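Each chain, written out:
Number of protein chains: 2
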Amino acid sequence: MKNIAAIIGGGVIGGGWAARFLLMGWDVRVFDPDPEAERKIGEVLDNARRSLPGLSDTALPTEGNLRFCETLEDAVISATWVQESVPERLELKQKVYRQIQDHEGGSVIIGSSTSGFKPTELADGAKHPEAILVAHPFNPVYLLPLVELVPHPGTEPGFVDDAKEILTSLGMHPLLVRKEIDAHVADRFLEAVWREALWLVKDGIATTEEIDDAIRYGFGLRWAQMGLFETYRIAGGEAGMAHFIEQFGPALKWPWTKLMDVPDLTDDLVNTIASQSDRQSGTRSIRQLERIRDNNLVAMMRALKAQNWGAGALLNDWDTARNDTSDAVMDYAEIEDIGAPIETVNRAVPLDWTDYNGHMNEAKYLQVFGDATDRFMWIVGCDADYIATGGSYFTAETHIRHLDEIHAGTRIRVETICLNGQGKKMHVFHQLWAGERLCATGEHILIHVSLETRRPSDPSDKIARRLGTIEAAHHALPTPDGVGRFVGAPR
Amino acid sequence: MKNIAAIIGGGVIGGGWAARFLLMGWDVRVFDPDPEAERKIGEVLDNARRSLPGLSDTALPTEGNLRFCETLEDAVISATWVQESVPERLELKQKVYRQIQDHEGGSVIIGSSTSGFKPTELADGAKHPEAILVAHPFNPVYLLPLVELVPHPGTEPGFVDDAKEILTSLGMHPLLVRKEIDAHVADRFLEAVWREALWLVKDGIATTEEIDDAIRYGFGLRWAQMGLFETYRIAGGEAGMAHFIEQFGPALKWPWTKLMDVPDLTDDLVNTIASQSDRQSGTRSIRQLERIRDNNLVAMMRALKAQNWGAGALLNDWDTARNDTSDAVMDYAEIEDIGAPIETVNRAVPLDWTDYNGHMNEAKYLQVFGDATDRFMWIVGCDADYIATGGSYFTAETHIRHLDEIHAGTRIRVETICLNGQGKKMHVFHQLWAGERLCATGEHILIHVSLETRRPSDPSDKIARRLGTIEAAHHALPTPDGVGRFVGAPR
Numbered sequence: 000m001k002n003i004a005a006i007i008g009g010g011v012i013g014g015g016w017a018a019r020f021l022l023m024g025w026d027v028r029v030f031d032p033d034p035e036a037e038r039k040i041g042e043v044l045d046n047a048r049r050s051l052p053g054l055s056d057t058a059l060p061t062e063g064n065l066r067f068c069e070t071l072e073d074a075v076i077s078a079t080w081v082q083e084s085v086p087e088r089l090e091l092k093q094k095v096y097r098q099i100q101d102h103e104g105g106s107v108i109i110g111s112s113t114s115g116f117k118p119t120e121l122a123d124g125a126k127h128p129e130a131i132l133v134a135h136p137f138n139p140v141y142l143l144p145l146v147e148l149v150p151h152p153g154t155e156p157g158f159v160d161d162a163k164e165i166l167t168s169l170g171m172h173p174l175l176v177r178k179e180i181d182a183h184v185a186d187r188f189l190e191a192v193w194r195e196a197l198w199l200v201k202d203g204i205a206t207t208e209e210i211d212d213a214i215r216y217g218f219g220l221r222w223a224q225m226g227l228f229e230t231y232r233i234a235g236g237e238a239g240m241a242h243f244i245e246q247f248g249p250a251l252k253w254p255w256t257k258l259m260d261v262p263d264l265t266d267d268l269v270n271t272i273a274s275q276s277d278r279q280s281g282t283r284s285i286r287q288l289e290r291i292r293d294n295n296l297v298a299m300m301r302a303l304k305a306q307n308w309g310a311g312a313l314l315n316d317w318d319t320a321r322n323d324t325s326d327a328v329m330d331y332a333e334i335e336d337i338g339a340p341i342e343t344v345n346r347a348v349p350l351d352w353t354d355y356n357g358h359m360n361e362a363k364y365l366q367v368f369g370d371a372t373d374r375f376m377w378i379v380g381c382d383a384d385y386i387a388t389g390g391s392y393f394t395a396e397t398h399i400r401h402l403d404e405i406h407a408g409t410r411i412r413v414e415t416i417c418l419n420g421q422g423k424k425m426h427v428f429h430q431l432w433a434g435e436r437l438c439a440t441g442e443h444i445l446i447h448v449s450l451e452t453r454r455p456s457d458p459s460d461k462i463a464r465r466l467g468t469i470e471a472a473h474h475a476l477p478t479p480d481g482v483g484r485f486v487g488a489p490r
Numbered sequence: 000m001k002n003i004a005a006i007i008g009g010g011v012i013g014g015g016w017a018a019r020f021l022l023m024g025w026d027v028r029v030f031d032p033d034p035e036a037e038r039k040i041g042e043v044l045d046n047a048r049r050s051l052p053g054l055s056d057t058a059l060p061t062e063g064n065l066r067f068c069e070t071l072e073d074a075v076i077s078a079t080w081v082q083e084s085v086p087e088r089l090e091l092k093q094k095v096y097r098q099i100q101d102h103e104g105g106s107v108i109i110g111s112s113t114s115g116f117k118p119t120e121l122a123d124g125a126k127h128p129e130a131i132l133v134a135h136p137f138n139p140v141y142l143l144p145l146v147e148l149v150p151h152p153g154t155e156p157g158f159v160d161d162a163k164e165i166l167t168s169l170g171m172h173p174l175l176v177r178k179e180i181d182a183h184v185a186d187r188f189l190e191a192v193w194r195e196a197l198w199l200v201k202d203g204i205a206t207t208e209e210i211d212d213a214i215r216y217g218f219g220l221r222w223a224q225m226g227l228f229e230t231y232r233i234a235g236g237e238a239g240m241a242h243f244i245e246q247f248g249p250a251l252k253w254p255w256t257k258l259m260d261v262p263d264l265t266d267d268l269v270n271t272i273a274s275q276s277d278r279q280s281g282t283r284s285i286r287q288l289e290r291i292r293d294n295n296l297v298a299m300m301r302a303l304k305a306q307n308w309g310a311g312a313l314l315n316d317w318d319t320a321r322n323d324t325s326d327a328v329m330d331y332a333e334i335e336d337i338g339a340p341i342e343t344v345n346r347a348v349p350l351d352w353t354d355y356n357g358h359m360n361e362a363k364y365l366q367v368f369g370d371a372t373d374r375f376m377w378i379v380g381c382d383a384d385y386i387a388t389g390g391s392y393f394t395a396e397t398h399i400r401h402l403d404e405i406h407a408g409t410r411i412r413v414e415t416i417c418l419n420g421q422g423k424k425m426h427v428f429h430q431l432w433a434g435e436r437l438c439a440t441g442e443h444i445l446i447h448v449s450l451e452t453r454r455p456s457d458p459s460d461k462i463a464r465r466l467g468t469i470e471a472a473h474h475a476l477p478t479p480d481g482v483g484r485f486v487g488a489p490r
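Here the protein sequences come in this chain order: X and Y. Heads up: the first sequence at position 83 corresponds to 82 in numbering that gives the first Met the number 0, and the numbers run straight through without jumps. Heads up: the second sequence at position 121 corresponds to 120 in numbering that gives the first Met the number 0, and the numbers run straight through without jumps.
None of these hints come from the bench; they were simulated from the model. Fair warning: this is a prediction, and the values are worked out from it, not measured in the lab. Among the hints, a few may not be true.
Just so you know, same-sequence chains aren't split out, so a pair can sit in one copy or run between any two.
To be verified - Straight line, CA to CA, 16 Å or less: simulated EDC-like cross-link-like pairs of lysine to aspartate or glutamate:
id	residue 1	residue 2
1	201	179
2	201	90
3	201	266
4	39	237
5	201	267
Construct the entire structure; sequences and hints are all you get.
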C-alpha cells in the first residue's frame, strides 16, 4: 500500500510539502478551508514538476495521487505523516492537533512547519503530545533539502527515528536540533540578518538591491557550499580555528552591528568551537579545503553563468566587455583572411569540466565544439537578434575523435572550417588544439530551422551569402584528417 | 605600457589581490617585510591559476609580471593602483599611507582592504586624503566578485570613478557604499550571524557542523543567487513586499535572537523598503522570479552534485540510496535477459540542460551517452573500485545522430548494445528514447587504458569475460539503424 501524507494548511509551504511528497510517490490528501487552496497548491506543484524530477540522476517514482478533502477527518485517516502548515497562531495550531488526534488516535507523526514556536508549546494540551514535533522546512520546500527536526522532551523517540527516515527518503536533510528554542536554528540567523538589513535601509547606508548584491556576490556564494564555520576555518589557515577566533574576537567589542549583546569569548567557548570544527573538517588540510571551496565556487558561478543570473551575469557582462576589445574573431567583418580556418574558441578549461579520470570529460568536448559552432553561426549572421526573429540552426549529426587528454586550466583553441554551406545545410569541421597538440576533431551537420514550425527552412540571404563565401574560400584548404570518417574506421 | 598594481601587505587577502591583478594582465609589485610573504602569495597564486582562468568563456590576457620589492618606494613608484592589506591597526595603516604618498606624491588611488575602519579614519593625517578610499574584497579575492568601495567625503570623485572602472575591468563588482559606517555593509551581516552562532554553540543548541548544515542546505543556497530582499519578495507573493513586512514584522518583537535592538517598522521604513524592492525586482512578476530562483537553485545544486559536496553530496547519497531499491540494471548480476539491450539511463531532463533554442543542448546528448557508457562500464566491472586500481576506459570516438528535440522535464531512457568487446576495445551503441520517440543514437569506441601510463592496456579478466558474454548475446540482435554511419552519409 502507498504511503499517505496529510497536508493540513495549503499555501506556499503546505503546497511545497504536498509537491515533495507527491513527486516522491506518496499519495497526498490536503485539507484547507481556503477556497483558493487548490489553485495555490496547483501553482506550487507546477513549479515543482518542472524543477525537482531532473535534479536527480535517476528517475523519480511514479507520482502519487493528490486529493483535496472536505473534512480534516478525511485527510488524516490512514495517513502515515501529518504535516501542519496553518498560520502562525499557537492556539490555532493546538486546536488543529486536538482535532487531528481525535480522528486518528495519536498513532501518526504530526510535523509542524512552524518557524517560531517550540514543540513543547505546540504539544501543550494535546491528547497525544508524544506524536508531535517540529519539522520546519525552507521555501521552496520541493527543492531545498533542509528540515529542522525539533522534538520536545515528551516526543516518543520512535517517532523521531521514523521522522528522520521518512524525511531522508524524501531527499531532505533532517537536522535534529539538540534543544528547543524559539525560531530553532536557521531562522535565528535570518532574523539577525533581517534586523541588520532593516537598520541599513533605515539609515540610508544601502538600498535593498545593494544589500542583495553585497550578499550574493560575496559571502552568499561561500555559505551556499560550506556555511560559516568551515569558511572561517579556511580563513584561519594552518594556525587553526582557536587562533582565528582570537583574531576575530576583538571585533565583537566593536560597534559593527546595531545589536550589541555578545557572548564572552571564554577559553571554554573557544575550545568548544575549535574542537567541534576539528571534528567537522579536521580530516582535510586547509589546502585541501581551499581547493574544494574553489572547485565549488567555480562550479556554482559557472552554473549561474549559464542562467545569466547573479554572479554569473556579472561574468557574462565581463566576457562581453572583454570581447569588444579582444583580437579574436567576433564578427564577419573582423575576418582577416577568409581562406584560413576561423578561430572560434579561445579559453581555459574550467575546473568543473573534469571527471573521475582526472581529465576533461568527453561531454565537454562536444560543449566546446557546440560553443565553436555557436560562434561560427554568430559570425555568419545567426546571432541572438536573428534567432529572436525565428530562425536558428539545429545540430543533426556529430562525429568526434577524442585524440588526446586535456586537463583543467589548459588553454584551448578551436579552428573551424566550413565544408558545406549550401541551402539549409551547414557542415563544419572543428579542430581542438592545446598549444601544438591536436586534442580532438568535431564534424557536425546542422540544419537551418524555423523555430515556430521546428521544421527545416532556408536561412536569411545574408547568412546564405556569408556561408557561401566562407565555404568557397575554405574549399582551397587541404581536407583535414578525420573528415567523413565513420566510427571505428581504420585510420 | 602595462598597468602596475602595488600590493602592500601580502597574506591571504594581499595575495588574492596580487593574483587577480596578475591574471588580468597587470604587472604586480609586492612589498611585505614578512620573510614568508613570497611563499604565502605563491600558494594563493597557485590556487588562483587553477581556478580563475577557466571561469570565463574566453581566454584571459597574458599573465603580468610579479616582482617582490625590497622597499615600499620600489613597489609604489609608477603604480596605477596601490592596494593596502596590512594588519587591522589604524595607526599602522595611516603610517603606511604617509610613506606611500611621500614616494608617489598622491597621484595614485590607494585602496584599503580594511574590513572595519571607515575611510575618514584611514585618511586622517594623510598628505593627500583625496586619493584614499576603502576597497574591501572578499576571500578568495581571485574568485568572488564583490568589492565594497567606500569613499570618504574628501575622496576625489575622479578617483572613485577610476576605481569603479578598474575594479570592473578586473571582473569584480564594485559596490559603492552610500555612507561610511564601521564594517561597511557585508561584514555587518557576517558579524550579526557570527554573534548569533557563538550563542548557539555556547548554549549547546547546535554544533559548528550543524550550524553550517543549517546554512548550506537551506537559506545559503537562496542567498547565493538572490540575496535577502528578492528572496523575501518571492515569499511575500503577489501581495507585495509591504504586505510581507507586515506579516514578518511581529517576529521582530519576539525573542528570536539574542540581539534585541530593533528598528521600529514605521510606515516610512516599510514604504522605503517596498519601493526599493519594486525598483530592484519590479520588472518581473513573482511567478517569473520563482522560476528564475528554481532554475538557479537547480543549476547550483547540480553543480555541487558534480563536486559531491554540500547539498550536492546529499543528492548523490539520495540517488545511491534509491538505486539500491530500484528496478533498473545496476549490476551484472541483475541483468535478466543477457540478449536484450541494457537500460543504462532512466531520468528526467534537468532545467539546466536547455539552451537558447529552448531544448536540450547538443552537448547534453553526449553527457547522457557518457552517463550511459559509465553505467555500462560499471555493469561489466569497471566501477569506482576497479578504477582505483589503475584501469579505466577512455572514449576514442563518438558519433551522434540528433534525431529529435527533448525538453526540460522529459523522462528519457537509454538502451545500450555492445557491438564489440574484444581486447582493449569497447564499442557500444546507445539509443536515447523519450517514451516511444527515438531522439538520438550514440555510437562510441572506448579503449581500455592504464591510468598510470595513460596508454592502452588490457582490462581485467572479469571485465573481458563479461564484455565477451554480452557482445556474443547482443550479436543476435538486429543491427540498429545508424550503426557505422559517417557524418553526412545518406540515410
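Intra/inter-copy verdict for residue 201 and residue 90 if alpha-carbon distance must be at most 16 Å:
neither (34 Å within a copy, 32 Å between copies)
Intra- versus inter-subunit Cα pairing at 16 Å for residue 201 with residue 266
between (37 Å within a copy, 11 Å between copies)
How would you classify residue 39 and residue 237 at a CA-CA limit of 16 Å: within, between, both, or neither?
between (51 Å within a copy, 12 Å between copies)
16 Å Cα threshold - placement of residue 267 relative to residue 201:
between (38 Å within a copy, 9 Å between copies)
Cα distance capped at 16 Å. Does residue 201 pair with residue 179 within a copy, between copies, both, or neither?
Cα proximity of residue 201 and residue 179: across copies only (14 Å, versus 33 Å in one copy).
The structure shown violates just one earlier hint, number 2.
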